[in-house]
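Listed below, chain by chain, are the residues.
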Amino acid sequence: AQSVSQHNHHVILSEAASLELGCNYSYGGTVNLFWYVQYPGQHLQLLLKYFSGDPLVKGIKGFEAEFIKSKFSFNLRKPSVQWSDTAEYFCAVMRGLTGGGNKLTFGTGTQLKVEL
Amino acid sequence: GAGVSQSPSNKVTEKGKDVELRCDPISGHTALYWYRQSLGQGLEFLIYFQGNSAPDKSGLPSDRFSAERTGGSVSTLTIQRTQQEDSAVYLCASSFGDQPQHFGDGTRLSIL
Chain A
392 AQSVSQHNHH
402 VILSEAASLE
412 LGCNYSYGGT
422 VNLFWYVQYP
432 GQHLQLLLKY
442 FSGDPLVKGI
452 KGFEAEFIKS
462 KFSFNLRKPS
472 VQWSDTAEYF
482 CAVMRGLTGG
492 GNKLTFGTGT
502 QLKVEL
Chain B
9 GAGVSQSPSN
19 KVTEKGKDVE
29 LRCDPISGHT
39 ALYWYRQSLG
49 QGLEFLIYFQ
59 GNSAPDKSGL
69 PSDRFSAERT
79 GGSVSTLTIQ
89 RTQQEDSAVY
99 LCASSFGDQP
109 QHFGDGTRLS
119 IL
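Listed in order, the protein sequences are those of chains A and B. For reference, each letter of the first sequence is one residue, going 392 to 507 in the numbering used here. For reference, each letter of the second sequence is one residue, going 9 to 120 in the numbering used here.
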């Protein structure tokens, strides 16, 4: 069965530290990959997505992610985190559903806390 | 409104009662999805509606769960004879075509 693994469940960083959150998936076909973010008290928001092309994708707020097909990975990075990046981050893989549409399979999430 | 709207935002009920959760998708979005987010777990796909097609119910955990989407817009997720393990945040999302899904704020369901 298709699955998405996020190995870091809780991450604590100081402001200005660099961030890398791991995401691995198990699916042999063509994949569309996403990172979503959920700030405290807010709904899930799209951070960035990869459909095809350049495997290094840029998202909002200085985030980027690199798709490495040989490693089945889509790690999220940010060179210098801010206190406002404190949130829960979810990696997701999209596959098609019968009859059209798409199903997102999410990882268990990584809770990031950035300390001043 | 501009986003996906879910109601109620919080629901507390006794074990064995039935509950209904509502989702109002973004206007014009043809696809509607329900997910469940349990403590310590990721977001679990429940059901998907696309236009007038038969829904994909492959994620529903038991026959106590059902959902409807009337008129291709508002959807209701119903849980019958609720159990404590049904306690979770239930999220609704909508999308159009191949565009990413937009999520609502969710309904936090607590079963006593």
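Derived from the structure by calculation, the hints contain no laboratory data. Beta carbons: idealized from backbone N, C-alpha and C, even for Gly. Heads up, a few of these hints could be off.
Derived Cβ-Cβ restraints for the label pairs, each shown as a range [claimed, not checked]:
1) Glu28(B) x Pro446(A): 39 to 45 Å
2) Val402(A) x Gly36(B): 19 to 25 Å
3) Leu120(B) x Asp445(A): 40 to 46 Å
4) Gly11(B) x Pro446(A): 27 to 33 Å
5) Leu507(A) x Ala10(B): 28 to 34 Å
6) Gln49(B) x Gly432(A): 33 to 39 Å
7) Lys25(B) x Ala407(A): 25 to 31 Å
8) Ser471(A) x Glu93(B): 39 to 45 Å
9) Gln107(B) x Trp474(A): 28 to 34 Å
10) Glu506(A) x Gln49(B): 23 to 29 Å
11) Asp26(B) x Ala408(A): 44 to 50 Å
Structure-based check of each hint:
For the pair Glu28(B) and Pro446(A), the beta carbons lie near 44 Å from each other, so the given range of 39 to 45 Å is met. Here the CB-CB span from Val402(A) to Gly36(B) is close to 38 Å, at odds with the stated 19 to 25 Å. Taking 40 to 46 Å as the suggested C-beta distance range, the pair Leu120(B) and Asp445(A) does not conform, at roughly 51 Å. Here the CB-CB span from Gly11(B) to Pro446(A) is close to 31 Å, well matched to the stated 27 to 33 Å.
Between Leu507(A) and Ala10(B), the C-beta spacing of about 33 Å keeps the proposed range 28 to 34 Å intact. Between Gln49(B) and Gly432(A) the beta carbon distance is about 20 Å. The supplied range of 33 to 39 Å is therefore violated. For the pair Lys25(B) and Ala407(A), the beta carbons lie near 50 Å from each other, so the given range of 25 to 31 Å is not met. A hinted range of 39 to 45 Å for the beta carbons of Ser471(A) and Glu93(B) is consistent with their spacing of about 41 Å.
Evaluation of the 28 to 34 Å hint for Gln107(B) and Trp474(A) yields a pass: the beta carbon distance comes to about 31 Å. Checked against the hint of 23 to 29 Å, the C-beta distance between Glu506(A) and Gln49(B) comes to roughly 26 Å, which is consistent with it. Separated by about 48 Å at the C-beta atoms, Asp26(B) and Ala408(A) satisfy the suggested range of 44 to 50 Å.
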